[in-house]
Each structure stands twice: as structure tokens, then as C-alpha cells.
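Put together the whole structure using the sequences plus the hints.
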Amino acid sequence: MQQLQQDIIVVGGGGAGLRAAIAAAEASPGLQVALLSKVYPMRSHTVAAEGGAAAVTLDEDSLAAHFQDTVSGSDWLAEQDVVEYFVAHAYQELVQLERWGCPWSRKTDGKVQVRRFGGMKTERTWFAADKTGFHILHTLFQTSLRYPAIKRFDEYFVVDLLVVEQQIAGVLAIDFSSGKLVQIMAKAVILATGGAGRVFHYNTNGGIVTGDGMALAYRHGVALRDMEFVQYHPTGLPGSGILITEACRGEGGILLNKDGYRYLQDYGLGPVTPAGQPQNKYMELGPRDKLSQAFWQQQQLGLTADYQGHAVVYLDLRHLGKAHLASRLPFICELAKAYVNIDPATAPIPIRPAVHYTMGGILTDINCQTSIAGLFAVGECASVGLHGANRLGSNSLSELLVFGKVAGEQAAALALQANLPPLSAVAVQSEQQQNYIGNLFADSCDDTVHAIRTELTLAMEQGCGIYRDNAGMQSCLDTLQALKTRYQQLKVTDNSKVYNSTLLQHLELGFGLDVAETICRSALARTESRGAHQRLDEGMTKRNDNDFLTHSLAIRQPDGNTMISWQPVKITSLPPAERHYGAKGSGLAGSGSAGSNV
Amino acid sequence: MSKTINIARYNPEQDSQPQLQAFQVDSDHSTSVLDALLQVQQQDPSLGFRWSCRMAICGSCGVMVNGIPKLGCKTFLRDYPDEVTVSALAHFVVEKDLIVDMQPFLAHLSAVKPYLINDQQNAEPHRQTPAQLAKYQQFANCINCGLCYSACPQFGLNPEFLGPAAITLAQRYNLDSRDQGKAARMPELNSKNGVWGCTFVGFCSEVCPKKVDPAAAINQGKVASAGDFIISMFKP
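Quick mapping for you: the protein sequence lines, in order, are chains A and B.
Anchor point for the first sequence: position 267 equals 267 in my numbering, and the numbering is continuous, going up by one each time.
Anchor point for the second sequence: position 89 equals 89 in my numbering, and the numbering is continuous, going up by one each time.
Note that these hints are calculated values from the structure, not bench results.
Honestly, I wouldn't trust all of these hints.
[What the hints assert, rightly or not] Simulated crosslink set (BS3-like; lysine-lysine; CA at most 25 Å straight-line): (1) B:Lys-135 with B:Lys-3; (2) A:Lys-570 with A:Lys-542; (3) A:Lys-107 with B:Lys-135; (4) B:Lys-113 with B:Lys-210; (5) A:Lys-258 with A:Lys-151; (6) B:Lys-113 with B:Lys-192; (7) A:Lys-322 with B:Lys-182; (8) A:Lys-322 with A:Lys-337; (9) B:Lys-222 with B:Lys-210; (10) A:Lys-322 with B:Lys-135; (11) A:Lys-337 with B:Lys-211; (12) B:Lys-182 with B:Lys-192; (13) A:Lys-151 with A:Lys-497; (14) B:Lys-222 with B:Lys-211; (15) B:Lys-222 with A:Lys-111; (16) A:Lys-180 with A:Lys-151; (17) B:Lys-210 with A:Lys-322; (18) A:Lys-584 with A:Lys-542; (19) B:Lys-135 with B:Lys-182; (20) B:Lys-113 with B:Lys-3; (21) B:Lys-210 with A:Lys-337; (22) A:Lys-258 with A:Lys-180; (23) B:Lys-182 with B:Lys-113; (24) A:Lys-151 with B:Lys-113; (25) A:Lys-337 with B:Lys-3.
Quick caveat: nothing in here was measured; it's all calculated off a predicted structure.
Next comes the structure, spelled out in C-alpha cells:
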């Protein structure tokens with residue numbers, strides 16, 4: 001087995017991983033920083049983020065307001081000290097991106113432009129047309145090329161963390177191009193592997209978003225926090241789930257049911273704001289959890305339309321006009337044309353909710369440190385505590401910058417004073433993994449990755465969707481247990497070495513099964529409704545702060561099953577209150593008059 | 001309906017050269033070439049190809065479709081007759097099936113110093129008007145899919161040629177009002193593998209799935225390079 005040594009390993013080449021790698025390289029140029037990614041960095045799923053990144057920017061805005069929006073948006077399950085740190089550092093990180101060349105959209109005077117976003121009471125979302133994630137990712141990737149300390153390992157797939165007595169020692173990875181297993185020792189490891197949306201069937205996520213990093217940490221006893229909170233983005237394309245950005249609504253797009261009725265007014269988000277005159281936190285600018293739930297309610301009432309077998313509502317952008325669409329939402333126009341053959345300037349876009357984001361993830365403290373010394377986690381794979389039960393759109397791109405920097409600096413500080421453990425300490429673990437992978441191969445197998453994965457994703461969709469009940473989740477859990485058993489018998493029938501995608505998909509499926517179980521068990525244990533976790537069971541349809549103003553922790557037991565325990569929420573300055581949007585929320589600053597009816 | 005997809009298969013551990021293999025796939029109005037490849041992978045899990053976002057932004061799934069470089073996710077079987085042939089991107093070394101070696105492409109990108117060169121420290125953003133942004137915005141939309149390299153006859157003849165995407169990226173930064181790095185980038189663009197390697201076939205811009213127009217960027221690069229040359233004649 002090839003053996004390498006580095007100071008810091010960053011796993012994942014998306015926004016969080018790149019930001020962390022740059023921060024580590026800047027903190028101490030003498031450190032060797034290995035950036036491992038299962039795909040070339042610019043393929044990472046940060047690339048698909050469209051709408052923007054939030055930071056307090058305008059004179060009339062305040063850190064307190066961004067803090068309030070985020071905590072309220074989280075249904076009070078955010079760590080408030082983390083939110084305070086985040087809102088205070090988001091602006092300087094977006095400026096840093098600007099200084100590195102990110103092509104932010106501008107006002108005529110050359111200042112950075114901000115747009116409206118759901119659940120935010122003031123315009124504070126920076127954007128680069130409707131390809132913000134793409135531009136952030138490419139800016140970071142290109143900037144990373146300046147740092148000789150960063151050594152890329154493109155298309156390396158991490159199969160296990162090396163851990164010695166609760167201290168990180170490195171990773172084991174497969175070099176995808178050769179099939180060889182490589183052992184890389186390091187003093188610090190940063191997991192930045194993204195979310196787990198692909199354990200669901202219909203989602204906005206790319207095929208690579210399989211929860212790898214979450215499972216890697218979980219298998220070594222690190223808790224996964226708040227896994228029951230899975231965000232359905234209200235506007236994905238039917239079938240494919242391709243993302244149609246919230247910025248469409250920030251720019252003034254409206255949602256209509258099959259009768260052309262703006263149904264959101266029936267779900268605590270009204271009164272109706274005039275088409276093309278969006279008002280912060282009203283109607284289409286409500287938070288994602290509420291909007292996706294409203295879709296489900298409309299579907300129950302038979303008020304959704306049908307698009308090739310999929311229930312849909314409509315996103316109407318026609319009143320924005322061709323020129324505005326071309327300058328602010330060019331990618332959306334391209335996607336609508338290519339994938340549903342619609343010109344948004346002349347016809348409404350059929351859309352429906354699709355899984356978009358995992359609010360939960362690897363438990364870390366405010367410094368991105370996990371319970372294993374030297375192991376950090378950041379970005380969507382992590383739960384630093386920013387999003388609670390529901391993430392506000394445009395907070396996550398800022399998060400990966402703010403906390404990517406923290407993770408990189410923390411890892412660098414640690415790597416400067418830590419020593420590598422002796423090779424002998426990890427020899428047994430490396431050999432076990434090598435044997436495990438070697439034993440996966442067989443000439444034939446009746447079962448396939450595809451079959452198990454399809455059952456997994458459909459079970460999650462059915463059992464852990466927008467609304468959940470005990471029976472549905474229990475049935476989902478039974479399916480997951482059966483699939484785990486099948487997975488243990490599953491073999492890799494392609495015995496080639498070079499770019500063996502059968503092997504990679506096999507390992508990804510194993511990660512996904514573990515993560516899915518933590519989602520389902522956490523959801524079963526939370527017998528209340530909060531944010532993105534909504535239950536239909538009697539007595540559980542409301543938020544219950546007496547019993548559940550608390551984080552869930554999913555911890556792997558020696559028998560391989562998940563145990564759920566609980567962790568108090570840190571509340572610094574905003575005590576729990578009812579969450580209001582629309583007219584009811586107008587007691588909060590910035591919402592002004594209730595808006596006139598159309 | 002069922003369509004035939006012929007795929008150029010190559011396993012370096014067994015084959016001396018790629019060979020076409022035919023598969024049947026279900027196709028409706030929305031089936032992309034990528035969807036078809038995913039169907040084939042169910043029949044034969046050993047099929048190798050790259051993909052992720054399936055929305056034409058990650059740049060992973062470039063392939064030749066009937067000999068033309070295309071993004072698999074943005075190319076639809078409905079636009080082809082009953083049979084279509086898919087092979088690895090031309091002008092790159094094939095690693096396995098539809099997977100090519102992208103390292104030379106990345107090396108060319110890195111060579112042009114594709115980052116903002118301007119070491120002024122400031123806690124506030126630069127000012128940049130929409131007109132200044134518009135000068136380079138189109139060239140900043142490159143997704144690094146590599147289709148333009150497969151379309152470029154010069155890159156086919158000389159793999160050292162910087163190629164359309166890298167020259168476009170250099171031009172993207174050279175045109176950015178915040179950048180001061182043009183002098184550092186021009187030697188690479190002026191070199192024999194730089195802008196003058198282009199014979200202006202223009203196929204790169206035709207195949208670009210994001211309408212980046214690399215041919216225009218290269219042409220602008222030639223003007224800049226010619227300017228550099230004239231200035232150098234007057235220098236002592």
C-alpha cells in the first residue's frame with residue numbers, strides 16, 4: 001500500500017474544502033495541505049448553487065436582524081453563539097471573495113448589488129447573476145492555484161478515517177484512476193464532503209452528494225446532529241428535481257396552483273403582495289419549509305396540476321419581462337428551455353418540491369472541531385449549529401466561507417504543534433480496510449447497487465418526506481434494515497482496477513444507508529413538529545418546546561444500529577417565540593405595511 | 001420508445017483500442033444522452049463515464065455524440081434518429097470507456113495564472129460598474145467541460161497548445177478592471193503554444209454549451225499579443 005504523509009488533509013473540493021485549504025495555506029505557508037476530492041474540485045456540488053450568499057450589507061440592515069431571521073428561520077434550533085459569529089463574519093468573507101475576483105452583480109455605481117431572499121427581512125443576498133455557487137467555486141478553485149502548499153489529489157475517494165485513541169491520524173483513500181489504496185497520514189483532517197440529498201429519490205443534488213463524510217465520521221463514533229431536518233426546496237423541476245432558484249421569487253416571481261390562485265395566502269404567508277412587487281417575508285418570500293409544506297397541503301386538496309405524471313404547481317415569471325430575466329436569471333431561462341421546454345418570459349414553469357439540503361450533519365463546536373481530536377468538519381456535511389430545523393436560503397454559501405476559513409485556520413494551528421502518530425499505530429486498521437475491500441469482489445451477484453439504491457431512495461421519500469408519521473417512518477426503518485442486510489451480501493462484479501465505478505458506487509451506497517438510518521431514527525424520536533420536520537401523528541403536529549427544544553444526536557452503537565440522545569440548544573439572546581411570516585410577522589422590523597391585495 | 005446507443009468501450013486492462021458496443025435504451029421526449037448512459041450502466045455496471053449535476057453546470061459529462069463534442073446532460077435523444085454513437089472526448093487520452101485524462105487540460109488552465117493579480121489589501125469591495133463587469137462576464141462562464149479542446153484541430157495536433165478554455169480564462173482576468181496581472185500572463189499567451197497557435201477555425205465557439213465564445217477571447221488575445229509585440233520593438 002502506498003504511504004504518504006501530509007500536515008493537513010482536506011476531504012472534499014467544494015466551496016468549504018477549498019476555502020479551508022486556502023485558509024490553512026495562508027495561515028502557515030510551510031504546511032503541506034492535501035486536498036482530496038472524489039471529483040475534480042470544480043465539479044463539486046457548490047457549483048449548482050444559484051441564488052446567492054447572505055451578509056448584512058445595506059445601511060438599514062443590522063447584524064441583529066440577520067441573527068433574528070436565522071434563529072427564527074431555524075425554529076429556534078440554531079446555536080445562537082454560532083449564529084452571532086456567522087452574521088458578524090459573513091460580510092468580510094464575501095468581500096474576500098470579491099478581492100479574489102468573484103464576479104458579483106453590481107449596481108450602476110459599481111457597488112455590489114443585493115437581492116431579496118426567503119425568510120430574510122432585508123435585502124442582503126449577494127449574487128453573481130443566478131450562478132452564484134458556480135462563480136464562488138471557480139473563484140476559489142482558481143485562487144487555490146496560487147498556493148504551492150496545496151497539493152491536489154483529484155479523484156481520490158476516502159474509504160476510512162485513520163483514528164488512534166480518539167485522535168485523527170489520516171485517511172485511507174482509493175485512487176480512482178488506478179484503483180490503488182493509499183494511506184495518507186496527517187495531523188489534522190477536515191471533512192468538507194457536502195450533504196446527503198441523494199439518499200432521497202427526487203432531489204436537486206448532483207449524483208455525487210451521497211453523504212460520504214457524514215458516514216465516515218459516524219462510523220468512528222462521532223455524533224450526527226439534527227439529521228431529521230431535511231430541506232425540501234419548494235421549486236425543483238418535476239421528475240429531475242433540477243433546481244429553480246429561490247432568487248426567481250426574490251426577483252418577484254409568484255407561485256400559482258392549477259387554478260392560477262396564489263395559494264400561499266392560505267398558509268399564514270399573506271396577504272397577497274402584488275405580482276412583481278415582492279415583500280420580504282411575505283408570500284413567495286416565506287421560508288422554504290413553509291412553502292414546501294404548503295405544496296403538500298395543496299396536493300392533498302387536489303389543487304396541484306399534473307406534469308407528465310408529477311404533481312406540480314407553477315412558478316410564474318412572465319411579468320418580470322424578457323430583459324430582466326436575461327440579466328438576473330439567465331441560467332433559469334436556459335434550464336427551463338432545456339429541461340421542460342419552456343420560455344419563462346412567455347409561460348409559467350411547472351415546479352414541485354425536491355430534497356435540497358441536509359440541515360444536520362457531523363457534530364462540531366463553533367471551531368468546527370469534532371469529538372475526535374484533530375478531526376474537523378465544515379459545510380453541509382457538518383452541523384456547526386447554524387441552521388437548526390430549517391435553513392434560510394443564501395445562508396449556506398456564506399457558511400462555507402465563514403466556517404471554511406475557521407476550519408482551515410484551526411487545523412493549521414493544530415498541525416503546527418502536533419506530531420504524526422507512528423505508522424505502526426494504524427497498520428491494523430489499514431490492513432482491515434484493505435481486506436474488506438479485497439473481499440468485496442466476486443464473479444457474480446444476484447443483487448445490484450442500483451436495485452438497493454432505488455429501494456433506499458424511494459423508502460426515504462415515502463417515509464421521511466415533507467410530512468411524516470410514525471407508521472410511515474417505521475416502515476421506512478424496516479426497509480432500511482432489510483437493505484442493510486442485503487448490502488452485506490452485495491458483491492462487486494467488476495474486478496477491473498482503473499476507474500472502477502462499480503466499486504465506488506458500492507461504497508457510496510454503504511455510506512448512504514448509514515446516513516439514511518440516522519435521518520429516519522432521529523425523525524422517529526422527535527415526536528413534535530418543528531421547521532422541516534412535520535409530523536401528522538396526533539399530539540405531535542405542533543412545536544413542543546417543553547420536550548424538544550433540543551438537538552438530536554445520532555450515535556452509532558457497536559452493533560451497527562443508531563442510538564438517539566439529546567443535546568441542549570445554546571440560547572444567548574433570542575428566547576423561543578412563535579414563528580410568524582406575512583402580516584403576522586409584521587411586528588418585526590422591516591416588514592412595514594402589510595401590502596395591498598391584487 | 002427504444003433507441004440504440006453505440007458506446008465506444010475501452011478497458012485498458014484488456015483492450016488494445018476502443019470498440020463499439022450497442023445497447024438498447026428507453027427514450028422519451030426528455031431522455032438525455034446522460035440518462036441513456038445511466039440506463040446502460042444498469043445493464044452493464046462496468047461502464048465508465050463521469051457525471052454529477054445533470055444540469056449543465058458542473059462540466060463533468062462531456063462526450064462525443066455522433067462525432068460532435070457535447071454535454072451528455074444537455075443533449076437529447078429526441079434530436080437524433082433511432083441510433084446514436086457516443087465516444088470519449090476527442091484529443092484527450094482515453095482512460096476507460098468515456099473517461100478521459102483531464103490533467104493536461106488542468107495544467108493549461110493553471111499555466112495562465114487564472115486568478116486576480118492585485119495585492120492591494122482592503123476591507124471593502126472594489127467598485128466595478130456593470131459595463132466593466134460586462135467586458136469579461138461572458139468569459140467567466142466557462143464550466144471547464146473541455147468540449148472546445150475536442151473541437152480544436154490545433155489542440156489535436158499539438159497537445160501543448162494552451163487551447164480555447166485556458167486562453168479564454170486568461171482573457172477573462174486580463175479584461176477584469178480589478179486585475180493588474182496582464183503583464184504576468186502575456187508571456188504564456190505570446191509563446192508559440194499561446195494565442196498564435198490558433199488558426200481560427202471557430203469550432204470551439206460552436207460547441208461551447210455555455211455560449212462563452214472562446215474564439216472571440218482568442219481573437220482579443222491576439223490583438224493584445226500583437227500590441228505587446230509592437231511595444232517590445234520600441235523597447236531598448
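We went through each hint and held it up to the structure:
With a C-alpha separation of about 44 Å, the suggested pair Lys-135 (chain B) and Lys-3 (chain B) falls outside the 25 Å cut-off, and the hint is violated. Simply put, Lys-570 (chain A) and Lys-542 (chain A) have alpha-carbon atoms about 21 Å apart, close enough for the 25 Å limit, and the pair holds. Taking the CA atoms of Lys-107 (chain A) and Lys-135 (chain B), the gap is about 15 Å. The hint holds against a cut of 25 Å. Our distance criterion of 25 Å between C-alpha atoms is met by Lys-113 (chain B) and Lys-210 (chain B), whose separation comes to about 22 Å.
Straight-line distance between C-alpha atoms of Lys-258 (chain A) and Lys-151 (chain A) comes to about 53 Å, which puts the hinted pair past the 25 Å bound. Restraint check for Lys-113 (chain B) and Lys-192 (chain B): satisfied, since their Cα atoms lie roughly 17 Å apart, inside the 25 Å limit. Restraint check for Lys-322 (chain A) and Lys-182 (chain B): the C-alpha separation of about 36 Å exceeds 25 Å, so the hint is violated. Taking the CA atoms of Lys-322 (chain A) and Lys-337 (chain A), the gap is near 14 Å; set against the 25 Å cutoff, the hint holds.
For the suggested pair Lys-222 (chain B) and Lys-210 (chain B), the alpha carbons sit about 22 Å apart, so the restraint of at most 25 Å is met. Using a Cα cut-off of 25 Å, the hinted pair Lys-322 (chain A) and Lys-135 (chain B) holds, with the two alpha carbons roughly 22 Å apart. Taking the CA atoms of Lys-337 (chain A) and Lys-211 (chain B), the gap is about 15 Å. The hint holds against a cut of 25 Å. A C-alpha spacing of about 18 Å is found between Lys-182 (chain B) and Lys-192 (chain B), which places the hinted pair at or below 25 Å, so the restraint holds.
Simply put, Lys-151 (chain A) and Lys-497 (chain A) have alpha-carbon atoms about 24 Å apart, close enough for the 25 Å limit, and the pair holds. The suggested pairing of Lys-222 (chain B) with Lys-211 (chain B) holds, with an alpha-carbon distance near 20 Å, which does not exceed 25 Å. Between Lys-222 (chain B) and Lys-111 (chain A) the alpha-carbon distance is near 32 Å, which puts this suggested pair outside the 25 Å criterion. Pair hint Lys-180 (chain A) plus Lys-151 (chain A) holds up; C-alpha atoms about 19 Å apart against a cutoff of 25 Å.
As the CA atoms of Lys-210 (chain B) and Lys-322 (chain A) are separated by approximately 19 Å, the hinted pair is consistent with the 25 Å bound. Distance check on the hinted pair: Lys-584 (chain A) and Lys-542 (chain A) sit about 18 Å apart at the alpha-carbon level, within 25 Å; holds. Taken as a hint, the Lys-135 (chain B) and Lys-182 (chain B) pair is honoured in the structure, with Cα atoms around 15 Å apart against an allowance of 25 Å. This hinted pair does not check out: Lys-113 (chain B) and Lys-3 (chain B) have alpha carbons roughly 45 Å apart, beyond 25 Å.
Of the supplied pair hints, the one linking Lys-210 (chain B) and Lys-337 (chain A) holds, its CA atoms being roughly 13 Å apart against a limit of 25 Å. At roughly 54 Å between alpha-carbon atoms, Lys-258 (chain A) and Lys-180 (chain A) are farther apart than 25 Å, so this suggested pair is violated. Taking the CA atoms of Lys-182 (chain B) and Lys-113 (chain B), the gap is about 10 Å. The hint holds against a cut of 25 Å. Among the hinted pairs, Lys-151 (chain A) with Lys-113 (chain B) is consistent with the structure: their alpha-carbon atoms are about 17 Å apart, no more than 25 Å.
Taken as a hint, the Lys-337 (chain A) and Lys-3 (chain B) pair is honoured in the structure, with Cα atoms around 24 Å apart against an allowance of 25 Å.
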